[in-house]
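Visitor: Using the sequences plus the hints, can you model the full thing?
Chain by chain, the residues:
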Amino acid sequence: MPTRAKAGAVSERQHSKLGDAPLPETYHLNMGPQHPSMHGVLRLVLHLDGERILDVDPVIGYAHRAHEKMAEHRNYLMFLPNTSRVDYLSGMIYNLAYCQAVEKMLEIEVPERAEYIRVICSELNRISSHLLWFGTFLLDIGGITPFLYAFDDREQILEILDRVTGSRLTYCYGRFGGLTEDVDTTFLDQTRAFVKRLRERLPEYHALVTGNVIFRGRCEGVGVIDQHVALAYGVTGPCLRAAGIAFDVRRAEPYGIYDRFEFDIPTEQSGDALARYKVRVAEIEQSLRIIEQAVAQIPDGPIMPDKPKKRFKPAAGELYFAVESARGQFGIYIVSDGSEIPFRIKLRTPSFSNLAAMPAVLPQTTIADTIAIVGSIDVVIPEIDR
Amino acid sequence: MTATTRAKTNYLVTVLGGLFSLLAGMLITLRNLFRRPVTEQYPKSKPALSKNFRSAIALVRFEETQTHDCVACMQCVQICPSFCIAIEGDKPEGLKRKRATEFHVDYALCSVCGLCIDVCPTNTLKYSRVYDQVAYRRDAFVYDLLTEFRDAEVAYLEKARQEAAAKEAAKQAAAAARANKDTAPAAANASKELEND
Ligand code: SF4
Ligand code: SF4
Numbered sequence: 001m002p003t004r005a006k007a008g009a010v011s012e013r014q015h016s017k018l019g020d021a022p023l024p025e026t027y028h029l030n031m032g033p034q035h036p037s038m039h040g041v042l043r044l045v046l047h048l049d050g051e052r053i054l055d056v057d058p059v060i061g062y063a064h065r066a067h068e069k070m071a072e073h074r075n076y077l078m079f080l081p082n083t084s085r086v087d088y089l090s091g092m093i094y095n096l097a098y099c100q101a102v103e104k105m106l107e108i109e110v111p112e113r114a115e116y117i118r119v120i121c122s123e124l125n126r127i128s129s130h131l132l133w134f135g136t137f138l139l140d141i142g143g144i145t146p147f148l149y150a151f152d153d154r155e156q157i158l159e160i161l162d163r164v165t166g167s168r169l170t171y172c173y174g175r176f177g178g179l180t181e182d183v184d185t186t187f188l189d190q191t192r193a194f195v196k197r198l199r200e201r202l203p204e205y206h207a208l209v210t211g212n213v214i215f216r217g218r219c220e221g222v223g224v225i226d227q228h229v230a231l232a233y234g235v236t237g238p239c240l241r242a243a244g245i246a247f248d249v250r251r252a253e254p255y256g257i258y259d260r261f262e263f264d265i266p267t268e269q270s271g272d273a274l275a276r277y278k279v280r281v282a283e284i285e286q287s288l289r290i291i292e293q294a295v296a297q298i299p300d301g302p303i304m305p306d307k308p309k310k311r312f313k314p315a316a317g318e319l320y321f322a323v324e325s326a327r328g329q330f331g332i333y334i335v336s337d338g339s340e341i342p343f344r345i346k347l348r349t350p351s352f353s354n355l356a357a358m359p360a361v362l363p364q365t366t367i368a369d370t371i372a373i374v375g376s377i378d379v380v381i382p383e384i385d386r
Numbered sequence: 387m388t389a390t391t392r393a394k395t396n397y398l399v400t401v402l403g404g405l406f407s408l409l410a411g412m413l414i415t416l417r418n419l420f421r422r423p424v425t426e427q428y429p430k431s432k433p434a435l436s437k438n439f440r441s442a443i444a445l446v447r448f449e450e451t452q453t454h455d456c457v458a459c460m461q462c463v464q465i466c467p468s469f470c471i472a473i474e475g476d477k478p479e480g481l482k483r484k485r486a487t488e489f490h491v492d493y494a495l496c497s498v499c500g501l502c503i504d505v506c507p508t509n510t511l512k513y514s515r516v517y518d519q520v521a522y523r524r525d526a527f528v529y530d531l532l533t534e535f536r537d538a539e540v541a542y543l544e545k546a547r548q549e550a551a552a553k554e555a556a557k558q559a560a561a562a563a564r565a566n567k568d569t570a571p572a573a574a575n576a577s578k579e580l581e582n583d
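First to last, the sequence lines map onto chains A and B. Here this note's numbering is used: the first residue of the first sequence is 1, the next is one more, and so on. Here this note's numbering is used: the first residue of the second sequence is 387, the next is one more, and so on.
It should be emphasised that the hints constitute simulated quantities derived from the structure, not laboratory data. Check the hints yourself; a few may be wrong.
Stated by the list, open to error - Derived pair list, reagent style EDC-like, types lysine to aspartate or glutamate, alpha-carbon separation capped at 16 Å:
no.	chain 1	residue 1	chain 2	residue 2
1	B	Lys-484	B	Glu-544
2	A	Lys-310	A	Glu-107
3	B	Lys-437	A	Asp-162
4	B	Lys-512	B	Glu-549
5	B	Lys-430	B	Asp-518
6	A	Lys-313	A	Glu-72
7	B	Lys-437	A	Glu-181
8	B	Lys-437	A	Glu-109
9	A	Lys-309	B	Asp-504
10	B	Lys-437	A	Glu-107
11	B	Lys-432	A	Glu-159
12	B	Lys-512	B	Glu-449
13	A	Lys-346	A	Asp-300
14	A	Lys-313	A	Glu-292
15	B	Lys-477	B	Asp-455
16	A	Lys-310	B	Asp-504
17	B	Lys-482	B	Asp-537
18	B	Lys-512	A	Asp-184
19	A	Lys-310	A	Glu-109
20	A	Lys-307	B	Glu-449
21	A	Lys-346	A	Glu-72
22	A	Lys-346	A	Glu-68
23	B	Lys-437	A	Asp-184
24	A	Lys-196	A	Asp-152
As the list claims (entries may be wrong) - Derived list of chain A stretches under chain B, where covered just means 3 residues or more per stretch with a C-beta under 8 Å from a C-beta of chain B:
no.	stretch
25	204-211
26	238-251
27	336-346
Backbone N, C-alpha and C define an ideal beta-carbon position, used for all residues, glycine too.
Guide: If you want it as structure tokens, here you go:
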């Protein structure tokens with residue numbers, strides 16, 4: 001049985017950083033950056049004693065595209081397409097988060113209808129991200145069938161979003177003050193139909209995966225991120241909620257119109273891979289609830305303010321704005337020096353912090369568990385590297 | 387019950403439970419075997435592009451002029467975050483307004499953000515619907531958007547020049563008329579003649 005890392009192990013490993021003298025008789029294994037079961041281009045340097053992991057060093061930077069640096073060389077509008085490429089699996093949430101941050105800075109009023117559409121699209125995007133995680137995570141630990149089912153459902157979302165936004169992954173749908181395109185009744189009908197469809201499919205997912213003995217064997221008690229580690233490393237999102245802390249930015253610091261919807265924050269107590277799985281699947285259900293309410297309440301009206309701001313110079317100052325992305329708290333920190341071009345845009349991405357907790361979680365587990373653990377925290381490498 | 391028999395029963399329960407969970411999964415697989423396949427056999431069957439499908443930008447062909455209306459104001463060039471538009475403009479002979487003479491877009495770079503479409507004062511930009519370009523060289527993706535407008539542009543310019551000339555003549559005639567009322571009829575005739583040309 002893998003044992004969880006003790007709190008002491010955290011400080012102990014600080015002494016065995018990559019580059020220091022290796023521990024005697026340990027075997028070093030590079031998992032990634034090109035490894036079929038590693039997500040994207042993540043590299044984990046595993047220090048092994050046989051199958052047992054003594055220490056791990058995540059090495060990142062293979063997908064670095066300097067998004068934050070780019071922001072310093074273009075005006076606020078021109079940073080828009082970058083945002084959805086930070087985390088291409090929940091690009092809509094990131095894109096709209098940036099819009100909302102700038103809107104807060106400039107005190108732009110967003111029309112009601114646009115707010116509702118934003119919620120619907122963000123939640124759809126969250127579900128598609130969770131479905132993709134569901135599929136690939138099971139693929140990682142050896143289940144191929146659920147992947148195909150999940151992708152079938154995800155395809156429905158991509159088609160619904162493609163019809164309004166014109167893109168399947170890297171949306172550039174938000175504008176400061178609203179959106180580029182209005183939605184029509186077909187969109188709302190499609191969304192309603194999708195909610196119904198996924199509700200019918202979820203029991204199938206549970207029967208196929210949640211109860212499966214092999215799946216449970218691979219996940220139960222594996223990769224425990226307890227509350228102590230989670231808080232120490234700034235873990236957010238489903239990983240934090242799986243450790244029993246009901247923190248969700250949508251509830252803690254409601255942005256947009258999230259305070260108008262009824263939804264629960266699913267939590268689990270055990271903090272293992274299975275708990276993270278359960279939290280995500282429960283979150284899909286909650287997102288469906290939010291979508292259902294938003295579709296029912298959406299008002300008519302404009303989707304952009306009367307006079308959208310094209311050229312502007314925000315007053316000198318700084319601002320932090322956070323949203324709940326599919327992976328956790330995504331924060332945007334903007335520093336303005338009063339010019340058209342941001343002085344600095346810092347993106348606080350959840351996967352970075354979640355991955356940072358790995359050295360506290362992986363020691364004393366085995367290589368086979370590494371795949372399940374890293375898979376279960378749902379990292380998106382370009383989002384870590386920006 | 388002794389401890390060993392209890393352990394044995396527990397073991398049996400676990401095994402049977404596990405077996406049941408596997409069978410439940412297989413049942414779902416079996417059910418799905420009889421569902422309609424959802425796989426699209428691209429490229430044998432091509433799905434229709436969505437209503438708002440976005441691909442790299444293209445120029446709009448306006449109904450009345452049969453050509454684009456790029457006035458080479460360079461606003462799109464300035465806003466483009468991918469720096470993929472290159473435009474050159476010039477005032478055509480006899481016209482007051484600038485027209486684009488070169489319009490190159492690097493389709494490999496365009497991030498389909500739509501910022502250029504938003505800023506264009508003459509609404510002459512739109513998303514194209516091409517999605518399957520391939521090439522061995524990167525510069526093959528630099529498209530000259532004006533190619534398809536060459537002929538229409540010549541005709542349009544010719545017409546615009548005539549209109550401008552007619553307008554100019556009419557203006558001169560009116561000015562002349564104001565300057566000298568006696569010669570007014572002649573000037574009016576002259577401008578009419580020009581228009582008939
Ligand atoms: S859509 Fe965006 S990236 Fe493409 S040409 Fe226009 S401004 Fe540039
Ligand atoms: S913004 Fe429109 S009119 Fe101006 S240069 Fe670009 S395409 Fe031409």
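Visitor: Against each hint, give a clear statement of whether it holds in the structure.
Guide: Against the structure, the hints come out as follows:
Between Lys-484/B and Glu-544/B, the direct Cα distance comes to roughly 14 Å. Compliance with the 16 Å bound is thereby established for this hinted pair. A C-alpha spacing of about 14 Å is found between Lys-310/A and Glu-107/A, which places the hinted pair at or below 16 Å, so the restraint holds. Between Lys-437/B and Asp-162/A the CA atoms are separated by roughly 8 Å; this keeps the pair inside 16 Å, and the hint holds. Our distance criterion of 16 Å between C-alpha atoms is broken by Lys-512/B and Glu-549/B, whose separation comes to about 28 Å.
The straight-line distance between the Cα atoms of Lys-430/B and Asp-518/B is roughly 14 Å, inside the 16 Å bound, and the hint therefore holds. Annotation: proposed proximity of Lys-313/A to Glu-72/A holds, straight-line Cα distance about 14 Å (limit 16 Å). A hinted pair counts as satisfied when its Cα atoms are at most 16 Å apart, and Lys-437/B with Glu-181/A qualifies at roughly 11 Å. With a C-alpha separation of about 29 Å, the suggested pair Lys-437/B and Glu-109/A falls outside the 16 Å cut-off, and the hint is violated.
Our distance criterion of 16 Å between C-alpha atoms is met by Lys-309/A and Asp-504/B, whose separation comes to about 11 Å. A hinted pair counts as satisfied when its Cα atoms are at most 16 Å apart, and Lys-437/B with Glu-107/A does not qualify at roughly 33 Å. At roughly 14 Å between alpha-carbon atoms, Lys-432/B and Glu-159/A fall within 16 Å of each other, so this suggested pair holds. About 15 Å separates the Cα atoms of Lys-512/B and Glu-449/B, which keeps this hinted pair within 16 Å; it holds.
Under the criterion of a C-alpha separation no larger than 16 Å, the hint pairing Lys-346/A with Asp-300/A is inconsistent with the structure, at around 35 Å. This hinted pair does not check out: Lys-313/A and Glu-292/A have alpha carbons roughly 38 Å apart, beyond 16 Å. The hinted pair formed by Lys-477/B and Asp-455/B meets the criterion: a straight-line CA distance of about 13 Å does not exceed 16 Å. A threshold of 16 Å between alpha carbons decides the hint, and for Lys-310/A with Asp-504/B the separation of about 9 Å falls inside it, so the pair holds.
Distance check on the hinted pair: Lys-482/B and Asp-537/B sit about 21 Å apart at the alpha-carbon level, beyond 16 Å; violated. A C-alpha spacing of about 20 Å is found between Lys-512/B and Asp-184/A, which places the hinted pair above 16 Å, so the restraint is violated. Restraint check for Lys-310/A and Glu-109/A: the C-alpha separation of about 15 Å stays at or below 16 Å, so the hint holds. Taking the CA atoms of Lys-307/A and Glu-449/B, the gap is near 29 Å; set against the 16 Å cutoff, the hint is violated.
Among the hinted pairs, Lys-346/A with Glu-72/A is consistent with the structure: their alpha-carbon atoms are about 10 Å apart, no more than 16 Å. Between Lys-346/A and Glu-68/A, the direct Cα distance comes to roughly 6 Å. Compliance with the 16 Å bound is thereby established for this hinted pair. Straight-line distance between C-alpha atoms of Lys-437/B and Asp-184/A comes to about 11 Å, which keeps the hinted pair within the 16 Å bound. Distance check on the hinted pair: Lys-196/A and Asp-152/A sit about 15 Å apart at the alpha-carbon level, within 16 Å; holds.
For the stretch 204-211 of chain A, the proposed coverage by chain B is satisfied: 5 residues have a C-beta within less than 8 Å of a C-beta in that chain, meeting the threshold of three. Using a Cβ-Cβ cut-off of 8 Å, 0 residues of the stretch 238-251 of chain A lie near chain B, which falls short of the minimum of three, so the contact claim is violated. Given a C-beta distance limit of less than 8 Å, the hint that chain B covers the stretch 336-346 of chain A is violated, as 0 residues qualify and 3 are needed.
This entry does not satisfy hints 4, 8, 10, 13, 14, 17, 18, 20, 26, 27, going by the numbered hints stated previously.
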